[in-house]
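*Asks:* Sequence:
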Amino acid sequence: MFFEACAFGTDRSIVNPELNPIGKKIIPQLKRCPLAAETLGRILKPMLDREHWDWVAGRELWELKQEKYDILPVLRLSYLYLPPHLRSCFLFCSMYPKGHRFVKDALVNSWIAAGLIESCKGGKLESDGHRYFAEFLHRSLLHRDASSPASSVYVIHELMHDMAKLVSENECFVVKGEADLQKIPEDVRHLSIIGGGGLDETNLKMLCQYKKLRSIVCHGVDSEIITPAAKHWFEVLTKIRMLGFLSCKLDYLPETIGNLKLLQYLSIGECTFEELPPCFWQLQSLRIIDAQKCRIQHIPQEFNQLQGKLQRFKLRGTNITEPGNYAL
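Taking full-length UniProt numbering, I'd label the letters of the sequence shown as residues 1 to 328.
Just so you know, these hints were derived from the structure itself, not from any lab.
The structure presented is a predicted model; accordingly, all values stated were derived computationally and were not measured.
Each hint should be verified, as a subset may be incorrect.
Restraint ranges, calculated between C-beta atoms of paired labels, are given here [what the hints assert, rightly or not]:
1. Ser247 / Leu137: 38 to 46 angstroms
2. Thr272 / Val103: 49 to 57 angstroms
3. Lys249 / Glu186: 15 to 23 angstroms
4. Gly99 / Glu302: 17 to 25 angstroms
5. Tyr81 / Arg312: 27 to 35 angstroms
6. Thr272 / Tyr81: 28 to 36 angstroms
7. Glu51 / Gln292: 50 to 58 angstroms
8. Ser223 / Pro84: 33 to 41 angstroms
Backbone N, C-alpha and C fix where the C-beta goes; we use that ideal spot for every residue, glycine too.
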């Protein structure tokens, strides 16, 4: 069986026979779901002893009410087994819509900007972030997108995404419509906004009250809504470290972005403006700018002052005028 293969591996000769009846008690809880079998198998495999397996089988999570195909207790158990350094990174992923296609480097840099990567023994944050990513793959938290098997694009299984949202509601939140604005936790740190749900400029200005926000990611929000809202955010949400406008057509980048002294990662890949504001030189913490599909044609002279910390400026297919050679 698939679960046994995940839990025991190929060499069954080293398996304690006392584990077989415990495994048989667990199998019905997996609801014939391969993801559940793989996830739980990876939890049990490192410790093939009866005490550990009895502990897992006896967890109170199994007693939660389950519908026929509800495997969230299994997945919640996998979350409890995550090392602390991976938990926040996993919850961060719940900000993105189901089916979102993650690019490895972009996700790692977002984790770093949001302050979720802790350098190990003085190592580089990027190296540690890629190690976290590899652990995600090993634990089946992410898997390569089947529609792009040759690329570095990954997705989260829908059930894993459901579980992440379930356990992250106080730290991360997704706004899809006006009704969600009344449910935002007071101490929320990472927020995403999905366009098309009837939100307007006035709704989005309300987000200024959440002063602990560290990350905002917008998905497909119309320009006449997001541009004026962003102007107000930048005036008061000065602790923002990661900012993403995905499939958003910002008319321009408001001058107030100069207030975001802690901003490390900015994604403006599909915005329609053609130049960055002069205040951009004030963003002394900025490390990554992703503007791969942006129409930027001019960079102000003051921008040269960022070259000390700026590590990456993606501008594929864009013709940049002086100063500097920024086209990649």
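*Asks:* If you test the structure against every hint from before, which numbers come out violated?
*Replies:* Failing hints, ascending: 1, 2, 3, 4 and 6.
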